[in-house]
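Student: Letter by letter, the chains look like this.
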Amino acid sequence: MRPDRTPATLVAILAALALGGLVLPQWLLFILTIACAQGLVVLGLSLLLRAGLVSFGQALFYCIGAYTAGALSRAFGVSDLLAQMLAGTAAAAAVAFVLGFLLARYRGIFFGLLSLALSMIFYGLIVKSETLGSTDGFNLAKATLLGVRPDEAWVRYAVLLAAACLTLLAALLTHRFLRTPLGRLGPAIKDNEIRVEYMGASVRYAIHVNYVIAAALAGAGGALAATTVGHIDPEMAYWTTSGEFVFIAILAGSGSVIAPFLGALIFGAIHTTAYDLSPNTWQMSMGVALLAAIVFLPDGLWSLFTRLRAAGAGPK
Amino acid sequence: MSQIGPVLVDGVIYSAWLFIAAVGLTLVYGVMKILNVTHGSFYALGAYAGASLTGAWLAKGYPPMLSYAVLLGGAILVTLVFAPAIERGLLRFMYAKDEVVILLVTYALFLILEDTIKLIWGVNPYFVAEPYALLGSFEVGGLKYPTYNLILVGLALALSAGLAWVLHSTKVGKLLAAVIHDPEMSRALGVNVDRFYLVTFTLGCLLAALGGSFTAPTVSVVPGLGVDVIVLSFAVVVIGGLGSLPGAALGAVIVGLVRSVSVHYLPQVELFVIYSVMALVLAFRPRGLFGLAEPRKI
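If you read the sequences in order, they're chains C and E.
The numbering of the first sequence is the numbering used here, which starts it at 1 and goes up by one.
The numbering of the second sequence is the numbering used here, which starts it at 1 and goes up by one.
Just so you know, not all the hints are guaranteed correct.
As the list claims (entries may be wrong) - Residues of chain C placed beyond 10 Å of chain E at every Cβ, according to the derived structure: (1) 11; (2) 25; (3) 109; (4) 117; (5) 168; (6) 180; (7) 205; (8) 277.
Said to hold, decoys possible - Simulated coverage check for chain C against chain E, where a stretch passes if three residues somewhere in it have a Cβ under 8 Å from a Cβ of chain E: (9) 237-245; (10) 282-295.
Bear in mind the hints are in silico, worked out from the structure with no lab data behind them.
Using N, Cα and C, we set each Cβ at its ideal position, and we do this for glycine too.
This is chain E alone, in the form it adopts within the complex:
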């Protein structure tokens, strides 16, 4: 029996999802050297906003095809409410501190946001399957796949192309490279570094929220949704190399395929295999497969 087709399709879909969920993490780390634990909170916030707004949209009887725009809008809305406030109100006072201390600050924020979500949306699960079922399905190797999954793949490709274009072919991208390389010198040359940090953090969180809101139609949205995503995104970006965009894509593809193969052939080892890959990469190439070597400082 040939399973290659379904294994590949599953792998690609899962990779696309992983990339959307994890790329914001690598962006924020790459620019600000912050390993952002609240990334998972924004994933959950996006999922809740997407599910509740789309649910309300459909209940009002508005055109269901536009529910995809509502998913997008929901992610943008929650991000704009929380991310700038967190960066301006708290994180910017921490930049002088150690990387690990900032990580703990975001961990504390993650605990706070986790309960904020419960306060806003309650503890009952949300379901909105309509956007998922709306597009019908396609068939590979005798297995049916909802066409919705292709939206995820398209979104992942569009995001990676868009980010690559901004970083490599625009003035903003060049300035960002300068900020990454030497924030103090950039500041001295008149670059508004604070604004870069604010925008980068918000964008990174928005990507997490997008991942959440576009996943919402495929799952039941329950408290604690983001907890798994945090460590899974860590695995993805660490495998590729913290702060590397192509690395995040490679990490997503590796984890996606590895997971898909193990789910099809040996489901017991799924988590074991994913984190083993992470540990192996750290053991042999600690800066990840695409990570840049850091100049040694005495």
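Chain C extracted, bound-state conformation:
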């Protein structure tokens, strides 16, 4: 068996970020932090994708995470990134635990539509609630880390470093989960549910677990995005946000827990460049990129690496 190199690679990426962050410009630190946040959501989404489920409402949990962080900051004055991310994770996981009983029964287009409906319900709720700032949302206080308020010049770096550590932890845990018997069921469910049931495993239970983990990751991502951007609004739960996450997941592919973060970074890069070059047609560039990914890389960017490796290891 090939040694598992993923944990080592993740730690190496973290070290590179910690060193590189010292010299990189502020705007790039911001993009990297957002890539962590989106990568977390997409990591969750790819768990569901492995089982053949596409959620068009993952923004629900992203937004729950963000508003939990916002509520902590606004009502209790808690601006600690760690506390916010933990609370966002817990809130999203709790909601997903309840909704999971319903959603675990659905497949294909119906799973997508029901998750879409649920996220739109949440959008409808917060868009009209004035205490939460309705359509405008509200601002969050600057992040603190374990009670320390970083110096203005260092706050981006500090947030990135903390976020990267937490993201690393989440990615490692997910990686572990994928190697458990339960985690390995995903692709089997996609291939043939009935066989999985014959093996004695419960498809519904496996999907429920995957769904809760996906939501927890999205909640963490939402809380991180909220603190990083410093502002939250109901758009975070809108269907276009969910669409972006699915976009990144398709672009990234689901071969490794690293893929979603790579995908999020490339998404950010395309987004920023396209927006810079022509603000009125950036969506067009995104659409073309998505089409190209679907047509030429149906298994996502990560399949490039696996193909390379297969070519290297293949018979000479």
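Chain C is already provided as a structure; the job is to place chain E on it using the hints.
Tutor: Relative to the frame of chain C, chain E by itself:
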């Protein structure tokens, strides 16, 4: 104070609008199993074409009564420019792929069309209120309603009757039923399935564009117009049952009345209620109120 009259009138008008905006979606899904996200783009394209052409028509001083024909013509024009090209140029190569992948393809097309609209019409809003104001107004329960709304209701009724007639009483309708049931067998029996797909997709998009162009006089036409319509149409057709024509009508009436009641009595919960109905229907009757059960395949 009795609000029943206005609630019902609002509900009927909104239902008619929803039906026109959403019925194309159910048609395309019913025949081709494509959940078409570009539906919203065609709604926006129709709105832009309707608003700009009618504006030009009126600016030239042509008879204003004919502006309704211009709205119709605008919708047909944009649909013929974009829909066949999309189906022939891209979608037909995707039919072998998974439903969800095709949905993503249409999502990508939606992103592209969204900016195409900005390239053609710019980012400034368009207004053409004349067709809306032209017909005067009528009164229900002390509230005035523009008579234009009756055109929407008439259009919705005409469309549903026309579609029902084509599907149930013509040869084309029978052939279409065969194509829906088994495209491969239909092809083997000499039915031109590709042409059915092309026409269905174009017709579905035309219905969206019609919804847009006939809404254009009542709103200001701005970028991003179609984004809300997509998910609202999803709600309507899902409630009725994806691919079911009577279902789309029922879904439109339910969403229309629910919205009208909530707007009159408790406006804060409008969106919440609409999508709650969608979620409830999915929870208890996932194939919609009128959806047909699909034979289980091992």
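Student: All hints are to be evaluated individually against the structure, with a verdict given for each.
Tutor: Tested hints:
no., hint, verdict
1, 11, "33 Å, holds"
2, 25, "29 Å, holds"
3, 109, "5 Å, violated"
4, 117, "4 Å, violated"
5, 168, "30 Å, holds"
6, 180, "26 Å, holds"
7, 205, "19 Å, holds"
8, 277, "13 Å, holds"
9, 237-245, "holds (count 3)"
10, 282-295, "holds (count 9)"
Hint check: violations occur at hints 3, 4; the rest are consistent with the structure.
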